[in-house]
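Engineer: First residue of the sequence shown: 9, per the working numbering; consecutive thereafter.
Hint data in this document are derived by calculation from the structure and do not stem from the laboratory.
Treat the hints with caution; some may be incorrect.
Claimed, not checked - With a straight-line Cα cutoff of 27 Å, these simulated DSSO-like cross-link-like pairs (lysine-lysine) come out:
(1) K257 to K405
(2) K114 to K362
(3) K78 to K127
(4) K423 to K257
(5) K257 to K299
(6) K405 to K423
Claimed, not checked - Ranges between beta-carbon positions, derived for each pair:
(7) L414 to G158: 33 to 43 Å
(8) Q92 to R328: 19 to 29 Å
(9) T149 to D80: 20 to 30 Å
(10) V13 to S141: 18 to 28 Å
(11) Q74 to R249: 50 to 60 Å
(12) L414 to R24: 40 to 50 Å
(13) H294 to T149: 15 to 25 Å
(14) L144 to D80: 48 to 58 Å
(15) F280 to E88: 46 to 56 Å
These numbers were taken from a predicted model, which means no experiment stands behind them.
All C-beta atoms in this analysis are idealised placements derived from N, C-alpha and C, irrespective of residue type, glycine included.
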Amino acid sequence: MLLSVALDLAESLEERLREVPGVERVAHAGSLRRMCETIGDVDLLVASRDPGPVMDAFTALPEVRQVLAKGDTKSSVVTEAGVQVDLRVVPPEVWGAAMLYFTGSKAHNIRIREIAVRKGLKLNEYGLFRAKSGRLVVAATEEEVYERLGLPWIPPTLREDRDEIEAAQAGTLPELVTERDIRGDLHTHTNLTDGLATLDQMLEAAARRGYAYYAVTDHAPNLAMQRMTDEKMLEQRRRLRALQERYPKMTLLHGSELNIDPEGGVDWPPEFLEGFDVCVASVHSHFNQPKDAMTRRLIRAMENPHVHIIGHPTARLIGRREPIEFDLDEVFHAAARTGTALEINAFPDRLDLKDEHIAWARRYGVRFAVDTDAHATPHLDVMRYGVATAQRGWLTKDEVINAWPLARLRRFLRKGR
């Protein structure tokens, strides 16, 4: 299931379990805590000295369709939506060791257990122990466990055995970008094209998020179903400029999501594009071009001085549409060379670029934009999934253009002009 679906379910169940007498802590673990793009089962962990009432409450939740197992400290259920949820209850004093163990990944856990063995220790879900005597060393917090292994705390989004152990040992773990670092959204829509909310509604919702800047990027005319015209776009720009007075703390940017045609061209001539503050360019058609042609198509788009961001670069829809094929190295190199940001589209069925591609691209010095592609006001809240994906790609705020102050962002958007 999609990350967003799993997280919504988990957070709803956690809220119910917090109401059970004796419960001290509740959290999700597993692939969900690591914020993987798709989730199998949902793993929940509860700290309590009296697990019986927790198990009774959990298996009696109205969302539960079937109880697969009910034990003293572990139960498994299937929800009405067909999702398996596993619950474990642990004593509060071993919370850290349990969270570390049940968060995973399996490969990460193997690596840290190997470190423990070399230090004459044994690590499991109950704590870190002396191997010979069996004496408990630490268990209360993850930080304590990592520290006794000679490591700093490693963020869950990095725990995939993709060199995070080596970076931790070398003291080079990145300070990951957070949602608090995001200063604005650079890819959003209104009902002028395919959005569901008005311009005013979207701006009000963005202002509530405390953004320093916000871009409106409705679709350009070559996506024929949107019926965009030059006149409509210019009228929207006039309205946006007039509305700026209403938002003194949030700079309003006017942009467009351009369509990359099969040859790499985009909507509108340069003189019209010059009037936009920011342009996102995306592939919306001809998804099955040969790899070489698609590579040339993307590179030509990035070489356009008016294209600032490549939107949802692989055009995938998780579980519904395969990603387009192109030479990743050539495209990432071109993005760095041309000063074009690659988007991390935060929409839960996109998460595009994906984490491994982000880590790959950042080695070329590519910059990124974490955007929601919001088509309605609630969509602005999906930023959390884009940021989590950025974290899984090891990004810092210095690599994310919409975590920058406005002046630095504007310099980037000049793209050498």
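Engineer: Against this structure, judge whether each hint is valid.
Structural biologist: Verification of the supplied hints:
1. K257 to K405: With a Cα-Cα distance of about 21 Å, the restraint between K257 and K405 holds, given a limit of 27 Å.
2. K114 to K362: holds (21 Å)
3. K78 to K127: This hinted pair is violated, its Cα atoms lying about 37 Å apart.
4. K423 to K257: holds (25 Å)
5. K257 to K299: violated (45 Å)
6. K405 to K423: holds (20 Å)
7. L414 to G158: 33 to 43 Å: The hinted range 33 to 43 Å holds for L414 and G158, with Cβ atoms some 42 Å apart.
8. Q92 to R328: 19 to 29 Å: holds (23 Å)
9. T149 to D80: 20 to 30 Å: holds (25 Å)
10. V13 to S141: 18 to 28 Å: violated (46 Å)
11. Q74 to R249: 50 to 60 Å: Holds, at about 57 Å.
12. L414 to R24: 40 to 50 Å: Since L414 and R24 have Cβ atoms about 42 Å apart, the given range 40 to 50 Å holds.
13. H294 to T149: 15 to 25 Å: Because 52 Å falls outside the window, the suggested range is violated.
14. L144 to D80: 48 to 58 Å: With a Cβ separation near 21 Å, L144 and D80 fall outside 48 to 58 Å, so the hint is violated.
15. F280 to E88: 46 to 56 Å: Given about 51 Å between the Cβ atoms, the range holds.
Figure legend: structure checked against the earlier numbered hints; hints not met, in rising order: 3, 5, 10, 13, 14.
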